[in-house]
Amino acid sequence: QSVLTQPPSVSAAPGQKVTISCSGSSSNIGNNYVSWYQQLPGTAPKLLIYDNNKRPSGIPDRFSGSKSGTSATLGITGLQTGDEADYYCGTWDSSLPVFGGGTKLTVL
Amino acid sequence: EVQLVQSGAEVKKPGESLKISCKGYGYSFTNSWIGWVRQMPGKGLEWMGIIYPGDSDTRYSPSFQGQVTISADKSISTAYLQWSSLKASDTAMYYCARPYSGSDWGQGTLVTVSS
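So the sequences go chain by chain: H and X. Reminder that position 69 of the first sequence reads as 70 in our numbering, one-by-one numbering, no gaps. Reminder that position 112 of the second sequence reads as 137 in our numbering, one-by-one numbering, no gaps.
By construction, these hints were calculated from the structure, which means they are not laboratory data. Misleading hints may appear alongside valid ones.
[Unchecked claim] Derived lysine to aspartate or glutamate pairs resembling EDC-like cross-links, with alpha carbons at most 16 Å apart:
{"#": "1", "chain 1": "X", "residue 1": "Lys68", "chain 2": "H", "residue 2": "Asp94"}
{"#": "2", "chain 1": "H", "residue 1": "Lys47", "chain 2": "X", "residue 2": "Glu71"}
{"#": "3", "chain 1": "H", "residue 1": "Lys47", "chain 2": "H", "residue 2": "Asp84"}
{"#": "4", "chain 1": "X", "residue 1": "Lys48", "chain 2": "X", "residue 2": "Glu26"}
{"#": "5", "chain 1": "X", "residue 1": "Lys99", "chain 2": "X", "residue 2": "Asp82"}
{"#": "6", "chain 1": "X", "residue 1": "Lys68", "chain 2": "X", "residue 2": "Glu26"}
[Claimed, not checked] What the simulated footprint calls covered on chain H by chain X, stretch by stretch (three residues with Cβ under 8 Å from a Cβ of chain X suffice, anywhere in the stretch; the number is not a length):
{"#": "7", "stretch": "19-33"}
{"#": "8", "stretch": "47-60"}
{"#": "9", "stretch": "70-78"}
On a predicted model such as this, the values are computed, not experimentally measured, just so you know. Idealized CB from N, CA, C, for every residue including glycine.
Please build the complete structure, drawing on both the sequences and the hints.
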């Protein structure tokens, strides 16, 4: 049971927009930056968003992140079939890194 | 370019011991936290613990305290994850990663524990 709560699954059609939420508390999201990761089947996780809303080089601007209080949100616009993956939020809690439980994105 | 290169897949029997490794390249291994992430089959990512090779300061996630040992040898830029007595429930993919970087991950080491 993770300290960060994500919906188990979300779905949307190609070209549409989807958001994935990550809910925590003052001991984690409330006082730390949030990152988001994409994990395609059989591969290591890939950093999509860091410091709440920054994109590493090479990550398209279809991916965005935001944080408010003790919750964070990942947004993906212009959905593509290649975006089908598991998505995880991550932050720190009591000097240890933590992940959310993960959200499976299905592009219908 | 930062690279984390992990040791190969392992197949072990319950009760056996195991130590897997992760060698860092392209950054100051001594001065950067590094840790281990477990992913059980079909499940999510879990941080097991992290270590600072410079002074061996080690922190374990509560679920893994006492279950595994994380260590590092800064002279060869290598971090380790060790079990003294494996269980079938230790079957998983294990990744090393740099927690403050986020973008640096090893390729994963698949550990299979089966009688």
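Hint-by-hint comparison with the structure:
no.	hint	verdict
1	X:Lys68 to H:Asp94	violated, 21 Å
2	H:Lys47 to X:Glu71	holds, 15 Å
3	H:Lys47 to H:Asp84	holds, 12 Å
4	X:Lys48 to X:Glu26	holds, 14 Å
5	X:Lys99 to X:Asp82	holds, 13 Å
6	X:Lys68 to X:Glu26	violated, 30 Å
7	19-33	violated (count 0)
8	47-60	holds (count 4)
9	70-78	violated (count 0)
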